[in-house]
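Chain by chain, the residues:
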Amino acid sequence: MKRPQHFMSRPRRLRWQAAAIMTVAALAVAACSSSSSSSSGSGSSPSSSSSALTASAPGITPTQITIGSHQPLTGPVAPGYSEIAPASKAYFDYVNAHGGVYGRKIVYKYLDDAYNPTTTASVVRELVLQDSVYAVFNGLGTPTHLAAVSFLNAQKVPDVFVASGCACWNQPTLYPETFGYQLDYVREGKILGQYLAQHFKGKKIAYFYQNDEFGQDGVKGLNYEIPSSTVVSKQSYDPTNINIAPQVAALRASGAQVVVAFSVPAFTALLKLNSLKLGYSPTLMVSDVNNDVFTLDGLLVTFAKQGGAKVNGSLLTDGIITDSYLPTLAETSNSWIALFKMVHDQNDAKEPWDGNAYYGEAVAYAFVQAMLKTGRNPTRADLVSAINGGLPQGPAVAPFSFSSSDHAGITGAFMAVMKNGDLIQQGSSVLTTDTSASGPITTYTGTEQQAPASGIPSP
Amino acid sequence: MTVQSLPRRLGVAVVVAAIVAFLSVKLNSFRDYQMAEVAVDVAAVAGLTVLTGLSGQISLGQGAFMAIGGYTTALLLVHLSWPFIAALVVAAAVTAAAGAIVGVAAARLRGPYLAGATLMLGVALPAVASAYPGIFGGDQGLNVVFTAPVFLGATFPLTRWQAWVTAAVALVTLVLLANLCYSRVGRNWRAVRDDEVAAALDGVNVAATRILAFVVSAACAGIAGALLVIVTSLAAPGAFTITLSIALLTAAVIGGLGTLPGALWGSLLIVLVPTYVTDVATSHGLSSSTGANIPVAAYGVVLILVMLVFPQGIQGGLRRLLTAFTGPARTWRDAPAPHVTPSADDLLARGDDPPDPPEKPASQHEKEGTS
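Each protein sequence line maps, in turn, to chains A and B. Just so we're aligned: 178 in the working numbering is position 178 of the first sequence, and the numbers increase by one with no gaps anywhere. Position in the second sequence (from 1) plus 459 gives the number in the working numbering.
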């Protein structure tokens, strides 16, 4: 066969191509490495109150503590949640401006993962392998953080106060480095379930829940407390499908007088609007992820507008029953609310003052508490053992569960009702419980702490 | 030709492998991880660039094929504890089979209709994992344990091992694809891409050729999916969204459609640029909603600039620069496909009617042959 003419010059060209590819590839990767020169000191030194500040662990220098996080700053879940990390940073900045933690400033580097688990896996490796963060703090989301948790534990990087109520973070044998923060959904389900069983005796109850760890954990807790004979319907939804009309129709057909929803705010709003459309108005009880009434009202108005209707958000949320593990924003006299509002106005004024901002500051406060407990020159293991030794309650209404065998987080909440766009506490009792079927739900008798006058926890 | 150039291609592969090995030792663990990410994308983009650049079929479903490969690997590793290499082969085979099914439908569709059909695949398929949480672990996905072999020592960094494995697999994939592109199969793809009617007249089975391109492309995606699973230790629906498919197509176009080195340039770009701009744009004085979107916007600007400077993609631009030094050199991409003989051109030029569907001229051609 005659060789086509255009192939004649190939060998020479190929050599050129190969040479060019090699060079550019090498340059490209080498260029990347030049920016990454941060190597931190390692090795541990015994901490004592008078010793000089040393680089006692990765991410810790005599002047700084570098921590990292993955947060949904862009993408579909960003609205609202993107306020959390800036709020945490605002509180760290406040601490830094008032002497820092044993003189060290907290550097908080949070990267956007757009709520995509693959991106999470990548950015968490960037934080740990390249930026050598001391700990990963408040990584947000159940599916996203699950993509990072094994890696962090294999690397023995403290993974503290995950921003998700999944009970999966509380597995100290499997994940010794990982700690939850907020009330987990099983405990919450039990607390809500008991309230229903006591206050709506003999009424028909139905569940509406997100079909993943979040909703299923919640339902598990509800089932521990609510007699199964009174549950007339269980409807679940997939967060990627916004058409929940069939589920709402089924709820209506079941004749349920109370609907308890473990749903995210967007779907709680859809549930409410779809029920309205069918002229169905059961008593609604929702998970605390919805208790930022400001956000929920806004969603109701927006969704109704998209459907060509005009509604009054706060009128629609009136009477919705929920719970909360942090004091409500409406309690302006509460010392924590006053402190965090002040820090917000000082360092984070560009963001709205709402439940997300408040949450971000509260969890940052818990981290500062933990760091103060670790001592002057902590190793990574020191942070884990400090939290295992228990933490003061801080801004939360119930104590932390932390011990070497329990990494869950806040153990209780109070019941609340939405009214005029605010969250109003019901009664004065805070209820605490555990995650087991038989564990009792008890009224918390300890006193809530007051915020320190300086705004910074004492060691 | 092929015989002569196969050692050459192997030589190039060995040199690249040596560079990867050198860099993986020299650079830090995170760069190793990024190398592994690049290698994953190279495998997927190489398949796509062959499909779109050589056989002329656009696909927005490459991410979905990666999901098939990824979940196949994860299931085999988790439930049957297979060695990775065996799981990889099965993943490629399963995905190739899926590619054949999609290819049969795709062979009948053109342009935007094909893009639409594959878009549907890219959107719908990852949701299957959420629909059957019992098998696929729902939104949380399946966790996979992948460790470096014992003989490398306990302190050997896992990310370096991941970089080695992914780069090795990606290189083998590239060599095989290169062989295919220079072979009769590759010539048929280009013939069909340039003119289906003429290709059919020359006895090329247009439908089979197009389907084969889909099979090859899907197999590459399956390999990439398998690699992604061992890199991130996770197979989850969130990893295979439509965003991934679009990013892969972006990489293929930016790198230089239809060129295998272009797959490398494109992959480097989509992996490295977002990290860079995030580092640059830790901007202060902006509200979180504005500041957070700056990296996304900067990424877009980079893409636009590359397309303005290199309309033929990065590889096309590099080739043009080389041509400035070495004089014009025609490549197999620029070259007219073998079948386009003057007589065939004349034949087409005579008719004023728009070209018929490929099947019709093919049958006419056969009739003419037999009569």
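Hints are computed from structural coordinates only; laboratory data are not their basis. Take these hints with a grain of salt, some might be off.
What the hints assert, rightly or not - Computed spacing ranges between beta-carbons, pair by pair:
#1 B:W541 - A:P452: 53 to 61 Å
#2 B:A586 - A:S404: 37 to 45 Å
#3 A:A349 - B:T702: 32 to 40 Å
#4 A:L174 - B:M579: 32 to 40 Å
#5 A:A349 - B:F610: 52 to 60 Å
#6 A:A250 - B:A756: 57 to 65 Å
#7 B:A476 - A:P459: 52 to 60 Å
#8 B:T702 - A:S404: 57 to 65 Å
#9 A:L174 - B:P542: 18 to 26 Å
#10 B:V537 - A:S403: 38 to 46 Å
#11 A:N243 - B:V537: 45 to 53 Å
#12 B:Y591 - A:P227: 29 to 37 Å
#13 A:E448 - B:A627: 41 to 49 Å
All of these numbers come straight from a predicted model, not from anything done at the bench. Glycine included, C-beta positions come from ideal geometry on N, C-alpha and C.
**Asked** Broken hints, numbered, in rising order?
**Response** 6, 8, 10, 11 and 13
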